[in-house]
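Peer 1: The residues making up each chain are set out below.
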Amino acid sequence: MSISQEPVIVLEQVNVSLGGQPVLQDMSLTIQGGEFIVILGPNGAGKSTFLKLLLGLLRPDSGTVQVLGHTPQRGNPAIGYTPQHRQLDSDLPLRARDLVGFGLDGNCWGIGLPSQKRDVRIEQALQEVDALKLADAPVGRLSGGEQQRLLIAQALLTDPKLLFLDEPLANLDLARQSEVVALVSHLNREHGVTVLLVAHDINPLLQVTDRVLYIANEHSCLGAPHEIITSQTLSNLYASPVEVIHAEGRFFVVGAEI
Amino acid sequence: MFAIFQYPFIQNAFLAGSIVAVAAALLGYFLVIRGLTFAGHALSNIGFSGAAGAVLLGIQPVYGLLVFTVAASLAIAVLGREIRERDVAIGVVMTFSLGLGILFLSLYNGYAQQAYSILFGTILGISRQDVLVTALFSLLIILSILVMWRPLLFSSFDPEIAEARGVHTRAIAGIFLVLVALTVSMAMQVVGVLLIFALLVGPAATATRLVRRPALTVVLAIVLGLCYTWLGILLAANTNWPVSFFIATISFAVYLPVRLLSPSVEVRDD
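Protein chains in written order, with this note's numbering: chain E, 62 to 319; chain B, 291 to 560.
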């Protein structure tokens, strides 16, 4: 699958504030179907806020937001979402397949009778993230990387067109990071899922990223990694000098808290 | 030992006790997984003040209990958005309410038996009509939980994703706490407000340590709750010691070894 010319996310002159504090100002952008977007920026810059805006969990103060041609409304099955993840309580009385199953029908009323069809779909999702062997494991005992894969499986159960992942690489070592990146990239390339992934470091994602959305200082810019992660662009965004060093195919940002 | 079953008051005790045990174990499961066990305990203590107030006014204690626990559960739902703040808010509300309770009791010049039965239950003094009322309330509570089973489970384990998926997490949390308030009010007759923890949280806390599949955990909690109650009534009827003492003691005696012997936690490393 390649990038289509169908815009899936369109923002026009959007302003968002939280508790009276402006977070995003005059944000306008268009994201095409099938793109792999990495969202970067310092802590508290509004990366998660941006995702919540697209999920319909927040309303803009002004401007228009369109996701898949509509104003965002929470509960949209066309969007898969995994929020910033904390390690689950080790005693959590829940199996991996129960956690993943929430993605299928956790929002429906009633007890939901067990069905083979349901089990098959959950196992397919587990298979997709290479976690089938963990199906009956207690989720709290799994590692951070395994839990992250389960959450992605949960987000996949509605066959979403868009996948929003908030810091899926946080607290993972390099090997687990590349596993998650390979998995998300596979979903993006093979299934045409548009990915918006919040990260702290672009380097593990450079090979798979189409464009970078850099959010800082209430403003943002969107473009190819080598256009955005430059001394000039970031200095403008932060309104203070930032030095970008490009060495051995990796980016190093100096002078800014990223 | 089983000759006691010919007495209507023993039959009523078994019926009411069983009904309450089922509802309490079901609600208790969600209290445990939502980290709300302290709220369950606080609601029963708050209920004590309501019951004491009702006694002072000369009406049925259960009405005072209902008013206080339902009001407090709504207050907890509104105040307790931040988990960090929640237990403090609950504790403050609970101590204020206990203060009121002791005032009501001191103003009441009647027989102290009333207060005693609120605190420790009167399961052997339950009428057939009480059993019917208890059954109706329990049915309502259990049906409500079954209707919102999936969204309640989802939002208990992961409120953030549930909210994004369109679950009305705030409303569900409020309704759930009101159902807990109703259960506490019913359970008062069986074990009294001081020992509700034994039926509400005891079986569920033990069950969550033994199994991990949600439906199975609830079934196990219900079975445990029924066993505690039946055994408690049976022992009490044969010894003349209080029922609530036996139920609380059995609950503790089962939880302790399960807690100590359940496999030690090992988080897997990547």
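The set of hints was computed from the structure by calculation and includes no laboratory data. Note that the structure is a prediction, hence the values are computed from the model and not measured. Note that beta-carbon positions come from the ideal geometry of N, C-alpha and C, so glycine has one too. Heads up, a few of these hints could be off.
Residues from chain B shown here face chain E by an in silico Cβ test under 7 Å; the list is partial [claimed, not checked]:
no.	residue
1	I294
2	W439
3	A454
4	T507
5	L521
Taking beta-carbon pairs under 10 Å as the criterion, some of the chain B residues facing chain E (in silico) [said to hold, decoys possible]:
no.	residue
6	I540
7	A543
8	V544
9	L546
Peer 1: Taking the numbered hints from earlier one at a time, note which ones the structure violates and give those numbers from smallest to largest.
Peer 2: 1, 5, 6, 7, 8 and 9
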